[in-house]
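K.L.:
Sequence:
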Amino acid sequence: MDNAAISRPVKVAAVQAEPGWLNLQKSIDKVISLIENAGKKSVNVLRFPEVFVQGYPWSIWHHSPLSNVGFIHEYVNNSLVKESPEMDRIKKAVKAAGFFVVLGYSERDRGSIYIAQSFINPDGEIIHHRKIKPTRVERSLWGDSQADPVKCVVDTKWGEVGGLN
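Here full-length UniProt numbering is used: the first residue of the sequence shown is 1, the next is one more, and so on.
Treat the hints as calculated values from the structure; they're not laboratory data.
Among the hints, erroneous ones may be present.
What the hints assert, rightly or not - Quick list of simulated restraints, FRET-style, between CB atoms: (1) A96 <-> V76: 15 to 23 angstroms; (2) W21 <-> R136: 33 to 41 angstroms; (3) E50 <-> P85: 20 to 28 angstroms; (4) R8 <-> G70: 49 to 57 angstroms; (5) V154 <-> P65: 29 to 37 angstroms; (6) D123 <-> P65: 36 to 44 angstroms; (7) G70 <-> P9: 22 to 30 angstroms; (8) W61 <-> P9: 25 to 33 angstroms; (9) D123 <-> C152: 14 to 22 angstroms.
To be verified - Within a straight-line C-alpha distance of at most 30 angstroms, the following computed DSBU-like cross-link-like pairs (lysine-lysine) qualify: (10) K41 <-> K95; (11) K41 <-> K11; (12) K133 <-> K40; (13) K11 <-> K30; (14) K41 <-> K91; (15) K157 <-> K40; (16) K95 <-> K26; (17) K133 <-> K41; (18) K30 <-> K91; (19) K91 <-> K40; (20) K92 <-> K41; (21) K82 <-> K30; (22) K91 <-> K26; (23) K30 <-> K157; (24) K157 <-> K82; (25) K157 <-> K41; (26) K30 <-> K40; (27) K82 <-> K133; (28) K82 <-> K11; (29) K82 <-> K92; (30) K26 <-> K92; (31) K26 <-> K82; (32) K40 <-> K26; (33) K133 <-> K91; (34) K30 <-> K41; (35) K40 <-> K95; (36) K11 <-> K92; (37) K26 <-> K41; (38) K92 <-> K157; (39) K82 <-> K41; (40) K82 <-> K40.
Idealized CB from N, CA, C, for every residue including glycine.
Given these sequences and hints, build the entire structure.
P.N.:
Quick look at the structure:
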């Protein structure tokens, strides 16, 4: 895409809000509410933080892995599955809002969870990315990605949008 072809200002917003801690449904409701709110403010691109769905568990940095075992099953069970009714609700909200979203979340896929982000276009289509190598103690919770895909910059009608986990 030729960014010079963009003739009007692009409104980009970054979410700075509390997630629905350890509660997938509450997290999804919050994401949808924030998307709807941004839509009322004529946002073109909305970016959520890393692991917004269901929240980043800072305790992994402050306590031993053994001390964190108590919440791990709950965390895994409340992680978002990419192909799920919850993601369908998010895609529907993005489509209704008519803008581009970069969503950071804890993704559950079979027996592992990953630090993931999905680029969701106004048609509700996803380009998916996982953090290739979780950082230090993050490895006690999230798995390594296989780097497929490693695409973290995508074309939109507002220009190129990128994101890193």
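K.L.:
With reference to the structure, classify each hint as holding or not holding.
P.N.:
Status of the hints after comparison with the structure:
{"no.": "1", "hint": "A96 <-> V76: 15 to 23 angstroms", "result": "violated, 30 angstroms"}
{"no.": "2", "hint": "W21 <-> R136: 33 to 41 angstroms", "result": "violated, 22 angstroms"}
{"no.": "3", "hint": "E50 <-> P85: 20 to 28 angstroms", "result": "holds, 23 angstroms"}
{"no.": "4", "hint": "R8 <-> G70: 49 to 57 angstroms", "result": "holds, 51 angstroms"}
{"no.": "5", "hint": "V154 <-> P65: 29 to 37 angstroms", "result": "holds, 35 angstroms"}
{"no.": "6", "hint": "D123 <-> P65: 36 to 44 angstroms", "result": "holds, 41 angstroms"}
{"no.": "7", "hint": "G70 <-> P9: 22 to 30 angstroms", "result": "violated, 48 angstroms"}
{"no.": "8", "hint": "W61 <-> P9: 25 to 33 angstroms", "result": "violated, 39 angstroms"}
{"no.": "9", "hint": "D123 <-> C152: 14 to 22 angstroms", "result": "holds, 20 angstroms"}
{"no.": "10", "hint": "K41 <-> K95", "result": "holds, 16 angstroms"}
{"no.": "11", "hint": "K41 <-> K11", "result": "holds, 9 angstroms"}
{"no.": "12", "hint": "K133 <-> K40", "result": "violated, 37 angstroms"}
{"no.": "13", "hint": "K11 <-> K30", "result": "holds, 21 angstroms"}
{"no.": "14", "hint": "K41 <-> K91", "result": "holds, 19 angstroms"}
{"no.": "15", "hint": "K157 <-> K40", "result": "holds, 19 angstroms"}
{"no.": "16", "hint": "K95 <-> K26", "result": "holds, 20 angstroms"}
{"no.": "17", "hint": "K133 <-> K41", "result": "violated, 36 angstroms"}
{"no.": "18", "hint": "K30 <-> K91", "result": "holds, 14 angstroms"}
{"no.": "19", "hint": "K91 <-> K40", "result": "holds, 17 angstroms"}
{"no.": "20", "hint": "K92 <-> K41", "result": "holds, 18 angstroms"}
{"no.": "21", "hint": "K82 <-> K30", "result": "holds, 17 angstroms"}
{"no.": "22", "hint": "K91 <-> K26", "result": "holds, 16 angstroms"}
{"no.": "23", "hint": "K30 <-> K157", "result": "holds, 26 angstroms"}
{"no.": "24", "hint": "K157 <-> K82", "result": "holds, 24 angstroms"}
{"no.": "25", "hint": "K157 <-> K41", "result": "holds, 18 angstroms"}
{"no.": "26", "hint": "K30 <-> K40", "result": "holds, 16 angstroms"}
{"no.": "27", "hint": "K82 <-> K133", "result": "holds, 19 angstroms"}
{"no.": "28", "hint": "K82 <-> K11", "result": "holds, 27 angstroms"}
{"no.": "29", "hint": "K82 <-> K92", "result": "holds, 14 angstroms"}
{"no.": "30", "hint": "K26 <-> K92", "result": "holds, 17 angstroms"}
{"no.": "31", "hint": "K26 <-> K82", "result": "holds, 17 angstroms"}
{"no.": "32", "hint": "K40 <-> K26", "result": "holds, 21 angstroms"}
{"no.": "33", "hint": "K133 <-> K91", "result": "holds, 27 angstroms"}
{"no.": "34", "hint": "K30 <-> K41", "result": "holds, 17 angstroms"}
{"no.": "35", "hint": "K40 <-> K95", "result": "holds, 14 angstroms"}
{"no.": "36", "hint": "K11 <-> K92", "result": "holds, 21 angstroms"}
{"no.": "37", "hint": "K26 <-> K41", "result": "holds, 23 angstroms"}
{"no.": "38", "hint": "K92 <-> K157", "result": "holds, 19 angstroms"}
{"no.": "39", "hint": "K82 <-> K41", "result": "holds, 27 angstroms"}
{"no.": "40", "hint": "K82 <-> K40", "result": "holds, 26 angstroms"}
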